[in-house]
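Kindly generate the complete structure, drawing on both the sequences and the hints.
Protein chains: 2
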Amino acid sequence: MAAPATAPLTRDRIVSAALSLTKAAGEPPSMRTLAGELSVTPGALYRHVAGQADLVALMIDEVMEHVEMPDEATEPDPWRRIRAHVHSLTKTLDAYPGLDRLIAHHGDSSNAARVRQQWTMDQLRTAGLNRRDAGRAYGALDIYWLGSRQRTQRSVATFLFGLDRLLEGLRAHSRNSSATSG
Amino acid sequence: MAAPATAPLTRDRIVSAALSLTKAAGEPPSMRTLAGELSVTPGALYRHVAGQADLVALMIDEVMEHVEMPDEATEPDPWRRIRAHVHSLTKTLDAYPGLDRLIAHHGDSSNAARVRQQWTMDQLRTAGLNRRDAGRAYGALDIYWLGSRQRTQRSVATFLFGLDRLLEGLRAHSRNSSATSG
DNA sequence: ACCTGAACACCGTTCAAGT
DNA sequence: ACCTGAACACCGTTCAAGT
Numbered sequence: 001m002a003a004p005a006t007a008p009l010t011r012d013r014i015v016s017a018a019l020s021l022t023k024a025a026g027e028p029p030s031m032r033t034l035a036g037e038l039s040v041t042p043g044a045l046y047r048h049v050a051g052q053a054d055l056v057a058l059m060i061d062e063v064m065e066h067v068e069m070p071d072e073a074t075e076p077d078p079w080r081r082i083r084a085h086v087h088s089l090t091k092t093l094d095a096y097p098g099l100d101r102l103i104a105h106h107g108d109s110s111n112a113a114r115v116r117q118q119w120t121m122d123q124l125r126t127a128g129l130n131r132r133d134a135g136r137a138y139g140a141l142d143i144y145w146l147g148s149r150q151r152t153q154r155s156v157a158t159f160l161f162g163l164d165r166l167l168e169g170l171r172a173h174s175r176n177s178s179a180t181s182g
Numbered sequence: 001m002a003a004p005a006t007a008p009l010t011r012d013r014i015v016s017a018a019l020s021l022t023k024a025a026g027e028p029p030s031m032r033t034l035a036g037e038l039s040v041t042p043g044a045l046y047r048h049v050a051g052q053a054d055l056v057a058l059m060i061d062e063v064m065e066h067v068e069m070p071d072e073a074t075e076p077d078p079w080r081r082i083r084a085h086v087h088s089l090t091k092t093l094d095a096y097p098g099l100d101r102l103i104a105h106h107g108d109s110s111n112a113a114r115v116r117q118q119w120t121m122d123q124l125r126t127a128g129l130n131r132r133d134a135g136r137a138y139g140a141l142d143i144y145w146l147g148s149r150q151r152t153q154r155s156v157a158t159f160l161f162g163l164d165r166l167l168e169g170l171r172a173h174s175r176n177s178s179a180t181s182g
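Protein chains in written order, with the UniProt record's numbering: chain U, 1 to 182; chain X, 1 to 182.
These are computed hints drawn from the structure, not numbers from a lab. Small disclaimer: the values here were computed from a predicted structure and weren't measured. Ideal Cβ placement from N, Cα and C applies to all residues, glycine included. Hints should not be assumed to be uniformly reliable.
Facing chain X, according to a computed beta carbon distance under 10 Å, are these residues of chain U, among others [as the list claims (entries may be wrong)]:
hint	residue
1	Gly147
2	Phe161
3	Leu170
Result set (DMTMM-like, lysine to aspartate or glutamate): computed pairs, CA atoms no more than 25 Å apart in a straight line [unchecked claim]:
hint	chain 1	residue 1	chain 2	residue 2
4	U	Lys91	X	Asp133
5	U	Lys91	U	Glu27
6	U	Lys91	U	Glu168
7	U	Lys23	U	Asp12
8	X	Lys91	U	Asp133
9	X	Lys23	X	Glu68
If you want the footprint, here are the derived chain U segments under chain X, 3+ residues with CB under 8 Å [said to hold, decoys possible]:
hint	segment
10	96-105
11	132-142
12	151-159
Printed below as a string of C-alpha cells:
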C-alpha cells in the first residue's frame, strides 16, 4: 500500500493525515509536522487549506459525520434516541484524543453540526418541550457533552449518571409545562 | 501609583500582572509579553515561577479562591446552596475571559479545588445522596459548569435552565433511592 | 499550477555571563 | 542572589523564485 513515487497533494490527503497523526499522538500535529509527514514543505499546505483554523474545521467535520442519530424505528422513545445520540458523540470522540479540545476552542459551525442541532431539537419537541425550552435543552446537552470531554477524563459511569439525571430533569419539566397548558 | 524606580520582582507581582493582562486582552499573555509588562527579561520570570504551567496554576488558584460557598445560615436548602455555588463559579470566571479555557486544558488540582469538591459533596450528602451518587453528582456538576465555559458562550438563561434541570434530576434520584432503603 | 526555500514575526525555556 | 543577553528548538504564515 506504499504510495507510488509521489501521490498528488490534496485536501483530503491533508485532512486524513492530520487525523491519523492526531490518533497516533493524542494531539493534533503542527503544520510543519503535518507537512513533513506528507513529504512536503509547510508552504505547500496553504495551496489546499486556508490555514490551521480551516484545517481544524475540516477535521471536525470529517469525524463528527459519523455520530449516530437513531430513527423512530430503531428506538421508539425520543428520550432514549437523544441519550443514544449524546452517548455516540463521546464514543466517536474517544477515537481521536485531543480533538475534543479543538472543538471546544474552535467551535463547530459546520453543516453537520446544524443538522445535529436540528435533529436534537426535533426529538425534544417530539418529547413534549415547547420551542424555547427545546432550544435551551439543546444548549444544556451541548454544554454537558462538551464539558465531559475537558480536563482529566471523567469515568463513563459519571458521565452517564449525569446525563440520565439531566434527561430526567428535562422530562419532568416537559410533564409540568404540558400539565399547565392541558 | 507609578512604581518607584524598580519594584522587586516577586511571584505575587508576576501572577497579578498575568491576571491583569488576561483581563485586558481576553486571553492569557505569553511569557515574553508578561516579562515586557514587568520591564524584565523573559528569563527573569523563571527565578520565581517554574514555568508557564506553574504560572497558570497560580492564576487559577488566585481567581478561584473567591468562589462563594454559602453556609446553612445564609441558605437553608442544600440544593439552593449548590446552585448558588455553581452560579458563583460562572460569575467569577466572567471577570477573566480566557481563564476558563486554561482551566479546561490545565485542570485544577489545587487545594482550593479540593475544598470546593469536599464542600459540594457534603451538600449533596446532606441533600440525601449516598457516597457513590454524591461523587458522580459532583462529577456531573463539574462537567456542566466547565462545559458552559467552552466555545461560544451560551446565554445565562440556557446555563441556568440546564443547571436547574440537572439539579432537579439529582433531587428526584435522591428521593427514589432513599425511598428504596426506607 | 504547484511546490520549494527562505524569510518574518512570533513562541517557551535554558544558562553562561555579568552586577 | 538576581537579572541580562543570547541562544536553542520550536511555532503559523507568506511569497518570490523555481519547475
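Broken hints, by number: none
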